[in-house]
Amino acid sequence: MKELNTIFADHNPKLPVLNDEIYVNGLTTLNLGPTHPATHGVFQNILQMDGEKIVSGVPTIGYIHRAFEKLAEHRPFYQITPITDRLNYCSSPINNMGWHMTVEKLLGVEVPKRGQYLRVIMMELSRIADHLICNGILGVDSGAYTGFLYLFEERENIYEIFEEVCGTRLTTNMGRVGGMERDLTPRAEAKLRKFLDKFPPIMREFERMFNRNRIFMDRTIDVGGITAEKALNYGFTGPNLRAAGVDYDVRVMNPYSSYEDFEFEIPVGTAGDTYDRFIVRNEEIWQSLRIIHQALEKMPAGPIIAQEQHYKLPPKELVYKSMEALIYHFKIIMGEIDAPVGEVYHSVEGGNGELGFYLISDGGRTPYRLHFRRPCFIYYQAYPEMVVGSQLSDAILTLSSLNVIAGELDA
Amino acid sequence: MIANQELLDYLIKKHGASILDSAEPFGLLTVHTGRENVLDILSDLYAHDSYRFRFLTDLCAVHYPQNKGAELVIVYHLHSLETNTRLRIKAFLDINDPVIPTASELFATANWMERETYDFFGVIFSGHPNLVRILNEDEMDYFPMRKEYTLEDPNRRDKVDKMFGR
Amino acid sequence: MVKMVEAPDGVEGAGFFATKLDQVVGMARSNSLWPLPFATSCCGIEFMATMCSHYDISRFGSERPSFSPRQADLLMVMGTISKKMGPILRQTYEQMAEPRWVLSVGACACSGGIFDTYSVLQGIDRVIPVDVYVPGCPPRPEQIIEGLMKIQELARNESQRRRNTPEYQALLESYNIQ
Numbered sequence: 000m001k002e003l004n005t006i007f008a009d010h011n012p013k014l015p016v017l018n019d020e021i022y023v024n025g026l027t028t029l030n031l032g033p034t035h036p037a038t039h040g041v042f043q044n045i046l047q048m049d050g051e052k053i054v055s056g057v058p059t060i061g062y063i064h065r066a067f068e069k070l071a072e073h074r075p076f077y078q079i080t081p082i083t084d085r086l087n088y089c090s091s092p093i094n095n096m097g098w099h100m101t102v103e104k105l106l107g108v109e110v111p112k113r114g115q116y117l118r119v120i121m122m123e124l125s126r127i128a129d130h131l132i133c134n135g136i137l138g139v140d141s142g143a144y145t146g147f148l149y150l151f152e153e154r155e156n157i158y159e160i161f162e163e164v165c166g167t168r169l170t171t172n173m174g175r176v177g178g179m180e181r182d183l184t185p186r187a188e189a190k191l192r193k194f195l196d197k198f199p200p201i202m203r204e205f206e207r208m209f210n211r212n213r214i215f216m217d218r219t220i221d222v223g224g225i226t227a228e229k230a231l232n233y234g235f236t237g238p239n240l241r242a243a244g245v246d247y248d249v250r251v252m253n254p255y256s257s258y259e260d261f262e263f264e265i266p267v268g269t270a271g272d273t274y275d276r277f278i279v280r281n282e283e284i285w286q287s288l289r290i291i292h293q294a295l296e297k298m299p300a301g302p303i304i305a306q307e308q309h310y311k312l313p314p315k316e317l318v319y320k321s322m323e324a325l326i327y328h329f330k331i332i333m334g335e336i337d338a339p340v341g342e343v344y345h346s347v348e349g350g351n352g353e354l355g356f357y358l359i360s361d362g363g364r365t366p367y368r369l370h371f372r373r374p375c376f377i378y379y380q381a382y383p384e385m386v387v388g389s390q391l392s393d394a395i396l397t398l399s400s401l402n403v404i405a406g407e408l409d410a
Numbered sequence: 000m001i002a003n004q005e006l007l008d009y010l011i012k013k014h015g016a017s018i019l020d021s022a023e024p025f026g027l028l029t030v031h032t033g034r035e036n037v038l039d040i041l042s043d044l045y046a047h048d049s050y051r052f053r054f055l056t057d058l059c060a061v062h063y064p065q066n067k068g069a070e071l072v073i074v075y076h077l078h079s080l081e082t083n084t085r086l087r088i089k090a091f092l093d094i095n096d097p098v099i100p101t102a103s104e105l106f107a108t109a110n111w112m113e114r115e116t117y118d119f120f121g122v123i124f125s126g127h128p129n130l131v132r133i134l135n136e137d138e139m140d141y142f143p144m145r146k147e148y149t150l151e152d153p154n155r156r157d158k159v160d161k162m163f164g165r
Numbered sequence: 000m001v002k003m004v005e006a007p008d009g010v011e012g013a014g015f016f017a018t019k020l021d022q023v024v025g026m027a028r029s030n031s032l033w034p035l036p037f038a039t040s041c042c043g044i045e046f047m048a049t050m051c052s053h054y055d056i057s058r059f060g061s062e063r064p065s066f067s068p069r070q071a072d073l074l075m076v077m078g079t080i081s082k083k084m085g086p087i088l089r090q091t092y093e094q095m096a097e098p099r100w101v102l103s104v105g106a107c108a109c110s111g112g113i114f115d116t117y118s119v120l121q122g123i124d125r126v127i128p129v130d131v132y133v134p135g136c137p138p139r140p141e142q143i144i145e146g147l148m149k150i151q152e153l154a155r156n157e158s159q160r161r162r163n164t165p166e167y168q169a170l171l172e173s174y175n176i177q
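Just so you know, the sequences run in chain order A, B and C.
Residue numbers for the first sequence, in numbering that gives the first Met the number 0: 0 to 410.
Residue numbers for the second sequence, in numbering that gives the first Met the number 0: 0 to 165.
Residue numbers for the third sequence, in numbering that gives the first Met the number 0: 0 to 177.
Looking at chain A on its own, in the form it has when it is part of the complex (with noise of 0.2 Å):
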């Protein structure tokens, strides 16, 4: 544990140095851990109170450093798809589609329509269960222990189109380089219509519980707000920025995937705080079934693959019949495919914001470099400005609210 003055150097200059006492001037340190019901993952917030009030806070992370990074150098490039499934796991699909559109930019692969819709219908599936997650979180740290119940039922059920077409619930390195592996079967498209039906009613359940509750409100209006030119420079986006006022959506601004033939609006709210972050996810939901019944009705026929050599794995009666395709088979498994050069930058909306992928490739197997623009790690260096002033309880509901997710975080 460094000293403290050294800690707290960067985040209040003015603020009188401290020696080790943890009491000095009326302020105590308080250490909301590493390991805290509030924190869903593993950051710290060394933060110092004066009573009740916040004073000023450092948070440290890197509790789960996995050098995803370092890893990727060492990883042909569809092994490092899992590795981005352990980003913003709540939402694995978006992560693995982001990152096969930068390699599909990279090559110069054109995905056919077919596939980009079906890409189109996980990654807003994935955003809708990772919107759920975050606001039922926000419900048990209020206190409100049912809708987080009520929510994750229909996760199971998202859970469950995500084995169908991918194999896993949580983790799924789904799609390849160039499309999806396989097509929507008749099981599972039967179960998305299903989902569809019966999840409208749930959500409204859910939202006439919170929505206008009056002790909701009460412990979240006002409570961990920030203003829109504050949110931008600290580099926010996603629903964290759209909260605060400014309507900057990837799939607006830089569509990819198809996302120009869909009609779906921004939800955008007014003040940044707490609350409005909550509706905005919840709108976000709304438009995101809204994309999904899209999806399926404009769905064309057609392939769902391209038929890049090097990364479509060829049909198998063929890898039994001929040599080439066994060649290119085992080639593409163990991952001997040589990439070309070039940098390259693309980014995603993902649950959270603007995920990006900088990947340089040098003509190796592995990338040279990749870097993931990770929207948590960079919003998460606002929380000590949202909270001070404010009371430890309204601390915890702004850091629920901001949906950290650890594994995006240090990454």
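Keep in mind that the hints were calculated from the coordinates and are not lab data.
Treat the hints loosely; a few may be bogus.
Incomplete in silico selection of chain C near chain A, CB under 10 Å [claimed, not checked]:
1) 33
2) 38
3) 40
4) 45
5) 47
6) 50
7) 60
8) 64
9) 66
10) 68
11) 82
12) 88
13) 114
14) 115
All residues carry an ideal CB built from backbone N, CA and C; glycine is no exception.
Let chain A serve as the given structure and place chains B and C on it in line with the hints.
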């Protein structure tokens, strides 16, 4: 959206000799500059009335051990939300003198991004309010993302390298 | 009909039931394990799914997840533990009172998982003794429940004197835990 050529012309006209090189990989204008000029270019683009590059999307570094004299590259990704234009600025640093002025006065978001870059590559951002390690342990005495260091922990005894294909 | 736990073998009569103390205590302990969900990453989300109404861990007695180690019986470590987190995990384990069990959920907690890197602890048994390992990345809720059931079996069959035996003391010594 501002055309890349127009932006490049403006940068060359305003900053002349500072723009050492430029390229457009995959449609994103990339300019190379020296470490003394980076902050000038960033502030100029920030304050410009019509371009308004006020959003720092990303700040990272890359290590090229074979480029003697310019081993470390600091990469800034800028975004102008009003005009929907992106720009990438690269500054080259020698590994024996990896010092560059901080951008955290201009963009509050650069604070932790620079700390991360320091943690991984050892780049010193002069003027940074609190340049300490952020993701790795405080006691770590090397910069892990540099190419000379291995991915695995060099001190581990439990995993037999031969069985793990290393 | 709610299925209650089976009573241990004993002699029953009007107003009394005679059995071995070990078995009664074991039955009580195994059906009321209060977990400490030490959830760090993706496995933590699968634990949340296990805790919720679909898979429902509370029907096994783990109704009250305790985030305070002093009041918890079972330390469920779910997710990657990095080297920075190791001392904190140890502190949490040391604060728990006997009898305590450790369930290591997920490949990262068991052995470092896919992250064989400089910053990840290659298995939590580097720092604390583990009772049951649940592999998976992430393990399905059914697997987590099976891990819990194995802990229940351990708790049910444990002798009262186990925590004082020299073997157990030697185990704690090897981890430098007093």
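Consistency of the hints with the structure:
Annotation: interface hint on residue 33 (chain C) violated; nearest CB of chain A at approximately 14 Å, more than 10 Å. Nearest Cβ of chain A to the Cβ of residue 38 (chain C): about 8 Å, under the 10 Å cut. The hint holds. The interface hint given for residue 40 (chain C) is met, as the beta carbon of that residue sits about 5 Å from the closest beta carbon of chain A, less than 10 Å. With a least beta-carbon distance of about 6 Å to chain A, the hint placing residue 45 (chain C) at the interface is held under the 10 Å criterion.
Against a cut-off of 10 Å between C-beta atoms, the interface hint on residue 47 (chain C) holds, since the closest Cβ of chain A lies about 7 Å away. Evaluation of the residue 50 (chain C) hint against chain A yields a held restraint, the C-beta minimum of about 8 Å falling below 10 Å. Because the closest C-beta pair between residue 60 (chain C) and chain A is about 19 Å apart, greater than 10 Å, the hint is violated. Interface hint status for residue 64 (chain C): upheld, as the beta-carbon distance to the closest one in chain A is roughly 8 Å, under 10 Å.
For residue 66 (chain C), the shortest C-beta to C-beta distance to chain A is roughly 4 Å, which falls under 10 Å, so the interface hint holds. Taken as an interface hint, residue 68 (chain C) checks out: its beta carbon lies about 9 Å from the nearest beta carbon of chain A, inside 10 Å. The beta carbon of residue 82 (chain C) is positioned within 10 Å of a beta carbon in chain A (closest approach about 9 Å), and the interface hint is therefore held. At about 8 Å, the closest approach between the beta carbon of residue 88 (chain C) and any beta carbon in chain A falls short of 10 Å, and the interface hint on this residue holds.
Annotation: residue 114 (chain C) was flagged as interfacial toward chain A, and the flag holds, the nearest CB pair being 5 Å apart, inside 10 Å. The beta carbon of residue 115 (chain C) is positioned within 10 Å of a beta carbon in chain A (closest approach about 8 Å), and the interface hint is therefore held.
Of the hints listed earlier, those the structure fails to meet are numbers 1, 7, in rising order.
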